[in-house]
Amino acid sequence: MSHLFEHHGAVDAGYRQPAPLMAKESVRIPKALARKNSPRWPRLSEPEMVRHYTWLSRRNYGIDTGFYPLGSCTMKHNPRVNEVIAQLPGIADMHPLQPEHHLQGLLAIFDEMQDMLATCAGMDAVTLQPVAGAQGEFTALRCIQEYFRSTGQEARDKVIVPDSAHGTNPASAALAGYEIIEIPSNPDGRINIEVLKSVVGDDTAAMMITNPNTLGIFEEDICEATKIVHDAGGQMYYDGANFNAILGRTNPGLMGFDAVHYNLHKTFSQPHGGGGPGCGPIGVKSHLAPFLPGPLVRKRPIQSSDPLTMVNDESWYEWFQPEQSIGKVQQWHGNAGAVIRCWAYYRRYGYELKTMSDHAVMNANYLRQRIMDEAQEKGLASAFTDGAPTKLVKHEFTLSLAPLKSEKGTGAMDVAKGLLDRGYMAPTIYFPLVVDECMMIEPTETESKEVLDEFARRFVEVLGDDTEVLHAAPQTTDVRRVDEVYAARNLCLSYPFDEEQ
Amino acid sequence: MVAHRLWEQRVTHSQRGTFMVDQLPNLGRELEMLSTMGMSSLDELFDDVPEEVRITKNMNLPSPQTEEEILSDAKRILGANVAMSNRVSFLGAGIYKNFVPASVMQLITRGEFLTSYTPYQPEVSQGMLQAMWEFQTLICELVGLPVANLSVYDGSSAAAEALTCAVRVHNRKAVQKNTLFVSELTPPDRLSVIHNYIQGAGITVKYLRHDSNGCLEMDSVAEAAGSCGVYVEQPNPLGIVDENLVDIKSIIGEETAFIVGVQPTSLGVLEAPGNYGADIVVGEGQPLGSPMTAGGPIYGIFSCSQKYLRQMPGRIVGKTIDVDGNEAFCLTLSTREQHIRRHRATSNLCTNETLIALMGAMHMALLGPEGIRDLAIRNMAACQLAKNALLEIDSIKSPHFDVFHYNEFLIELPGNTSDCLEYLDKKGLVGGFDLSNWYPEQKNRMLVTCTDQTSSSEIELLAAHLAVWSETMVSEVKV
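Those protein sequence lines, which keep their order, are chains V and A.
In case it helps, this note's numbering puts the first sequence at residues 275 to 775.
In case it helps, this note's numbering puts the second sequence at residues 9 to 487.
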């Protein structure tokens, strides 16, 4: 174990800086605010710093390390040219407040991305400003809220969320000031139409739905649900977390949705970076477009008076403010660097994004079948059940390990740790909450048949492990099973300098 | 006219699939895999999609491109931007031209960091967990508070989250219920973010006034006592280092949160706000470790005292032990968060800015305690040198003469700032920020920003051009 704060080697900073523009002594610092004690930061030379972080990186599992079937997170390969592009000076060295004629290249890409995302989702207008899916949800709900205020329907103060929804849905609705009505799903995880009918009314602002849902199942009654909410005067919100499953096959616009957020870090491969950055643009139908956070980008024919910095000789790109904009959700232009990466990603597929989704769905169904066949063969088919009975899944599927738990005392957590011992990242566990001992598996389109075959074999192998072995797993990782209860009871949230001596 | 026709340069006759082979390992093996499920076409995978919502045609999108073509297009299109590295620039106002050491840029591309996600399985995520625990420590030391999370989206959402957090903690005892006081100088775009975040909770925002020298009026601060919280920035949005801040906490008292927004590099020379009573310190982390990137991705700093710990937003890492008693790290206090608490969570925050915070951690680790001080002095020195140089021009005035500045200062021009910026742009300079973008009536004020990246020759160049332009303005007025 090596601690950053135990480095005191270099006598001065590890990083040499040029001298200040005037002598240190003549720089005026207000007396009342002069810093008395330096931060207790370490002193590292560059080689020590590089080695420390390289060592840390080797104690971390990424998609580059191996298979990462974390359901709901769409951990697909991140093409490296996107990283090269994001470091070009034309994006990395841009200041958000530069004048429009300095930003023509950026605006051209924004314009192309707004159009592309609108096309993919069947929406009329797109803002790229929200920086994560949850911020996208919040932004769209704010637009819906202002839309209703503008039409004298402030009384619509409730948002309907299925109990299988991501936690961000109710949290974002609460942040916007809505009351949440959580409705139970059917035993198969789908929307319960009868319950929905019973809760909609004059006070319904919106319903938030993920489709395919968080069990990876397509909501076949989606059009009926949309009609019920619309007939009651409410808006339909599409959580785009699972958008990777349907590109080019269907879209939220066709299903009747009024607003949608995209998780560019899922569907369009912005690297997840250990927890972020993400990027969560939203698309809306035309009646909500005036409320989007501004500025948005549009193009107009080029004029002779325009400066000579254009991207092409036809169009000039400009910012504009939607008339009844809710204002801003991020102070600048959102995660522009992520938008650029995702632009590079979409250019790689073009209209073949459909094939991307086809393969994501094919891989998920294939892996599910392989796991079932393998379990049958090894006599372990009774260790789990489908999270919800279904013939087809979309890009991910859930298994319930409740039978294994009651039979051997080893649940989803133990199986997850067993998978770590076999060199895999574990699937998402204990979500969605509606499936007992849930394990949620999303292989993505960038895994080969060989990887899926091997994972199926090893997964079933874990199911057959002895109880004691699984309870003691993992054995081969950098640390063994981590005590999260101890962490919460003995809070240590920063380096304990005071205990150093 | 430049003759690039972007759309014609695309490859238009690709054979289906040709360009995706390098991304889709199972291309061409579909039938073999489908047969495992007893299927014979990809269409069958979508039998559960109701017919009335199916797409039957190709999407109206371009053909696929190869990596080489994408890179070539990206270079040409982004090459049409005017990068700040190609300009003498005095533009700041919240995002600052900085230097990110090469080792930071290189280390951050390691796939183990770049392609991982939230460390839900701590046994295989110790690297990022420890790096974020160290980040928390580095921030705590910098701001003088005991708790920091592992980043929020940016400085604006950090300010907004701090304000809602203050209401959750203080509203029960507050005399001025659901009321917050925010500096009137808070930039409008930041204020807009704050308003979007707090409007749902029915919170009223009142404004703290400033005197003619750009410093807080203490009478105004006194009015905030008994409210849920006060938000001010140090340095303030006009670059002024406001000494009045050291007295705020004693005026507003224990039951009102004192929230300070910081430019983090300034804390190399300025007192840590935690040491003059700040309860919550937030800020735009960008100047520490992140390229400007047109304003995102960057990272927001969020730190607080123990009192706010259980009401704070976002993720936090704790040190713990594994079953063998060995040191280990994991996410902790998750019961505040949306995936567990759902609509009662302290925030809707899920995906954050971990990778950018990691860049910040690496930069801080490399700077060390002396390095952060040197960096801050370079920022202050450049700012003071520029202010002295520009005020030597007769027709240029400073509205805030007798105060301390960090990074930026305001000047009054003998004409419209927009005209001045246009003039400077033609000379290859980004002159500064037109204050009328914030306050439409202030047409002749310009916010000039210098950072550690500003050189003395750049300052001389700006002074020379401004002298010539101002001279023209003054003589035009005389005529």
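One or more of the hints may lead you astray.
[What the hints assert, rightly or not] Far from chain V, some chain A residues (derived; all Cβ distances over 10 Å): (1) LEU35; (2) THR44; (3) LEU79.
[To be verified] Rough simulated footprint, nothing fancy, chain A against chain V, three-plus residues with beta-carbon under 8 Å: (4) 442-449; (5) 461-471; (6) 485-496; (7) 507-518; (8) 625-632; (9) 669-681; (10) 733-745.
[Claimed, not checked] Cross-link-like lysine to any residue pairs, in silico, SDA-like; alpha carbons within 20 Å at most: (11) LYS723/V x SER49/A; (12) LYS628/V x SER93/A; (13) LYS434/A x ASP51/A.
No lab work stands behind these hints, which were simulated from the structure alone.
Here a beta-carbon is modelled for each residue, glycine too, at the ideal position from N, C-alpha and C.
Against the structure, the hints:
1. At roughly 7 Å, the least C-beta separation between LEU35/A and chain V is not larger than 10 Å, which violates its mark as non-interface.
2. Once the 10 Å rule is applied to beta carbons, THR44/A is inconsistent with being away from chain V; the minimum gap is 5 Å.
3. Remark: the non-interface label on LEU79/A conflicts with the geometry, its nearest Cβ contact in chain V lying 6 Å away (cut-off 10 Å).
4. Coverage of the stretch 442-449 of chain V by chain A holds in this model, with 7 residues showing a Cβ closer than 8 Å to a Cβ of that chain against a need of three.
5. Interface restraint, the stretch 461-471 of chain V with chain A: violated (0 residues with C-beta to C-beta distance below 8 Å; minimum three).
6. Counting residues of the stretch 485-496 of chain V whose beta-carbon sits less than 8 Å from any beta-carbon of chain A gives 4, enough to reach three: the coverage restraint holds.
7. Here's how the stretch 507-518 of chain V fares: 0 of its residues keep a CB closer than 8 Å to some CB of chain A, so the rule of at least three is not met and the hint is violated.
8. Here's how the stretch 625-632 of chain V fares: 7 of its residues keep a CB closer than 8 Å to some CB of chain A, so the rule of at least three is met and the hint holds.
9. As drawn, the stretch 669-681 of chain V meets chain A at 0 residues by the rule of a beta-carbon pair under 8 Å; below three, the given contact is violated.
10. Figure legend: the stretch 733-745 of chain V, annotated as covered by chain A; annotation inconsistent (0 residues with Cβ-Cβ distances under 8 Å, at least 3 required).
11. Only pairs whose Cα atoms come within 20 Å are accepted, and LYS723/V paired with SER49/A is accepted, the gap being roughly 17 Å.
12. Using a Cα cut-off of 20 Å, the hinted pair LYS628/V and SER93/A is violated, with the two alpha carbons roughly 39 Å apart.
13. With a C-alpha separation of about 58 Å, the suggested pair LYS434/A and ASP51/A falls outside the 20 Å cut-off, and the hint is violated.
Hints 1, 2, 3, 5, 7, 9, 10, 12, 13, counting from the list given before, are not met by this structure.
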